[in-house]
Amino acid sequence: MKLAQAQLEQFDRDGYLFFPSLFTPEEIRLLTDEVPRLYAQRRPENVREKGSDAVRTNFAAHMYSYPFAKLARHPRMVEPVMQIFGESVYMHQFKINGKMAFDGDLWQWHQDYGTWKSDDLMPEARAMNVAIFLDEVNEFNGPLMFIPGSHTVGVIDAQHDVTTTSYPLWTINHDTIRKLVERGGL
250 MKLAQAQLEQ
260 FDRDGYLFFP
270 SLFTPEEIRL
280 LTDEVPRLYA
290 QRRPENVREK
300 GSDAVRTNFA
310 AHMYSYPFAK
320 LARHPRMVEP
330 VMQIFGESVY
340 MHQFKINGKM
350 AFDGDLWQWH
360 QDYGTWKSDD
370 LMPEARAMNV
380 AIFLDEVNEF
390 NGPLMFIPGS
400 HTVGVIDAQH
410 DVTTTSYPLW
420 TINHDTIRKL
430 VERGGL
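Sequential numbering from 250 applies to the sequence shown in the working numbering.
Any given hint could be a false lead.
[Claimed, not checked] When the alpha-carbon atoms are kept at most 25 angstroms apart in a straight line, the in silico SDA-like pairs for lysine to any residue are as follows: (1) K251 - K348; (2) K251 - I277; (3) K251 - P316; (4) K319 - D263; (5) K251 - D263; (6) K348 - R292; (7) K319 - T273.
[As the list claims (entries may be wrong)] Cβ-Cβ distance ranges computed for the label pairs, FRET-style: (8) N390 - H359: 15 to 23 angstroms; (9) L266 - K344: 16 to 24 angstroms; (10) F382 - E258: 18 to 26 angstroms; (11) R286 - V379: 17 to 25 angstroms; (12) Y315 - E258: 33 to 41 angstroms; (13) E258 - P417: 17 to 25 angstroms; (14) R375 - M250: 15 to 23 angstroms; (15) D261 - A380: 29 to 37 angstroms; (16) F268 - R375: 17 to 25 angstroms; (17) P269 - R432: 25 to 33 angstroms.
Worth flagging that the hints you see were computed from the coordinates, not collected in a lab.
A virtual CB, placed ideally from N, CA and C, is assigned to each residue, including glycine.
Produce the entire structure from the sequences given, and follow the hints as far as they go.
Listed below in C-alpha cells is the structure:
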C-alpha cells in the first residue's frame, strides 16, 4: 500500500492517518476470533485490569499467535510506515488493548513516546503506532482519541501514574490536554 502525497501531507500536519475498512470483515473476524483464546491464557503477556480477571492488554501476540503474526508483517501495516520513515523498520511493541464492556478501566491521556522514552529508553521519537480497531469505535465504548498536531510540540511533561489502573503510564495533566485541544481540536 502506497500513501499518496496528500496523505503524507496530512500525516505531517495531524500526526496520524485513518483508513476505514483497510482490512476486510473476514480478515478482522480472524483476529477477533483469536482474541478470546489469547485472553484465556495464563501468561505474563496478559496484563489484567485492577481488581478484575479481565485482560486489559495483551503483549507480543505476534510471537505466539499465527493470525497476529501475519498481521504484524502484513504489507498494509508495514509499507506505509516504511514509506513515511524512508527506511526499513522493526517492531518495538505489539499489543492488543481490550476494554471490558461498561466497567473497563480507563486509559489516561498520554503520549506513547513519552512512556517509551522513560520506560524503554528509546532515544528519539522515531516510532510509529499502527492501530487496527477490531470492534466498532464510538462514544459509548471509551474510544481512542487523538489531538491533531500535538506531535509537533515534542515530548510533553508527564507524571508516572502507577495507581489509577493496573498498567503504569506516563500521563499528561488535564490542563495541558485542554490547551492542546483548544489549539488542534479533537
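| Of the hints stated earlier, which fail here? | 1, 4, 13 and 15
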